[in-house]
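A.B. asks: As they're listed, the protein sequences go chains A and B.
FYI, in the numbering used here the residues of the first sequence are 8 to 313.
FYI, in the numbering used here the residues of the second sequence are 8 to 313.
Treat the hints loosely; a few may be bogus.
Same chains, same label: a pair holds when it works inside one copy or across any pair of copies.
Derived SDA-like pairs: lysine to any residue, alpha-carbon spacing no greater than 20 Å straight-line [what the hints assert, rightly or not]:
(1) 276 / 264
(2) 225 / 152
(3) 225 / 183
(4) 272 / 283
(5) 272 / 262
(6) 272 / 261
(7) 225 / 179
Treat the hints as calculated values from the structure; they're not laboratory data.
Number of protein chains: 2
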Amino acid sequence: MTAAPAPFRRVAVIGLGLLGGSVARAARSRIAGVHVTGYDASAEVRARAAAIDLADTIAQRAQEAVAQAELVVFCVPVGAMAAAAAAVAPYLPAGCIVSDVGSSKASVLQALGEALPNHTIVPAHPVAGTEQSGPDAGFATLFDRRWCILTPPEAVDGQAVARVTAFWEALGARVELMDAAHHDLVLAVTSHLPHLIAYTIVGTASDLEDVTQSEVIKFSAGGFRDFTRIAASDPTMWRDVFLSNRDAVLQMLQVFTEDLAELQKAIRKGDGPALFDHFTRTRAIRRSIIELGQDDARPDFGRSDH
Amino acid sequence: MTAAPAPFRRVAVIGLGLLGGSVARAARSRIAGVHVTGYDASAEVRARAAAIDLADTIAQRAQEAVAQAELVVFCVPVGAMAAAAAAVAPYLPAGCIVSDVGSSKASVLQALGEALPNHTIVPAHPVAGTEQSGPDAGFATLFDRRWCILTPPEAVDGQAVARVTAFWEALGARVELMDAAHHDLVLAVTSHLPHLIAYTIVGTASDLEDVTQSEVIKFSAGGFRDFTRIAASDPTMWRDVFLSNRDAVLQMLQVFTEDLAELQKAIRKGDGPALFDHFTRTRAIRRSIIELGQDDARPDFGRSDH
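Chain A extracted, bound-state conformation:
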């Protein structure tokens, strides 16, 4: 097997948190001859990124980061996309392709399009992450076998989409194309609503009258601790996700609330068969996820060593 030609030789990564750091590390380790320039609005993050050799060059100003870029990947919270794009707009080379890693896509596409009307934009959402954040959190294998959804506008240049596809595939991801609005609906279910619910229940549990916080922490192994992991995700990122994908999240939340009310009623009425039927159906979904390689089949994610 011979290596494919590098889809981009010079890549600028704007924003050096978990995602930006992982893009930079993955690109450098997987794409031969690529030069990755990194930039972050925080001087502290830039210094840390330089210290841990996150990119070939850490630029001290956004304009330096993009000066020679063939691809710019915005890895900032979705609410910061417009400002990050505006900051580099005057310095972006002609022909430079623009992408991002935002978790909501319709609003990001609009923000990037308004700030950079003369550039080809191929928004991307790698469906991967951990609960950790900051430049030290990134790692080269984050995207391996994970899906990356591209949501290019209809009129976009097919060649640009092919190059961005090749870039994400080089980073280890599997690429899927989708309409931005549909993406936002799908991710509202598979990611945004789960995060909202985890954030809610962790808040609920930490603020009860009859049960102390230390009891909650002590006995969290019964299921609660998994929610705390999700609810430890970056607050800025998630605030922006909920604000930018508001309609889809509220729509899914409504369906969830109705379903919860139905189970609540079954519990109140002591309707065992209804509960049993529901709990049996949900097992099948888990099996499919493991079969498709989206999770680890070891019990408890292999937490218990046996």
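We have chain A; now place chain B onto it with these hints.
C.D. replies: Coordinates of chain B only, in the frame set by chain A:
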């Protein structure tokens, strides 16, 4: 360090699923000289348990399992406790101590007390488990460093509580004493409500009009897949938990629903600061859980190898 004397020399385990299998395996590997007899109402499970050497003896009838027992541990779903206890009641030796591993305690204490009025009952709830079930799911280290909550009635013999404590400590657990009603409230938050919510959202996601089930499965890595693990837990066990701990679950569900409505309102109104504040508070809980050794600090539970 010299080994403590075995708290019980003959132990009967009634019900050979994940918990019963783990109790049997842990007792045999951790308590020198103990003899464990296992029994399950299902002939298929008994045959499998014998094939994988789950206990020193697999009894073919419940009465044989308990004939010489000093400790009987009921490891059946909480809704089956009364029947399981009634089945062995005539054969239980005088002085035999009775325990269980049920996830709700007030109802179990009542059921066991009614079926076995002449025996000392020390109910137990080891807060440990995986999403898997059946005799093959058990393993000897399941209880290591996990909490086991004992909820003895007030008038119980202190010596019996000490022996049951020693038994669970020998199995690797840390023991805590608690009033049964308070246990049910604590576990409603840390375990039962999280399971109910996970079961709900997995059901919601698998039954949408605008998003296909294959999309949900494909893009589950964004957070949803953690819920599917919880929602793959044993349906019979969980039906019984919700029916037997109904009041505490409904009480906690009400608080959760109010909190969810508050976050929903913040999203609808675009109240970024309120969302940010909430998402910041929930991070602290995660840190405490990791500090107390109740979870693994590796990102994503160490799912991603890096």
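A.B. asks: Indicate, hint by hint, whether the structure satisfies it.
C.D. replies: Each hint tested on the structure:
{"no.": "1", "hint": "276 / 264", "result": "both (18 Å within a copy, 19 Å between copies)"}
{"no.": "2", "hint": "225 / 152", "result": "between (35 Å within a copy, 11 Å between copies)"}
{"no.": "3", "hint": "225 / 183", "result": "between (42 Å within a copy, 10 Å between copies)"}
{"no.": "4", "hint": "272 / 283", "result": "within (14 Å within a copy, 33 Å between copies)"}
{"no.": "5", "hint": "272 / 262", "result": "both (16 Å within a copy, 16 Å between copies)"}
{"no.": "6", "hint": "272 / 261", "result": "both (17 Å within a copy, 12 Å between copies)"}
{"no.": "7", "hint": "225 / 179", "result": "between (38 Å within a copy, 16 Å between copies)"}
Checked against the numbered hints above, the structure violates none of them.
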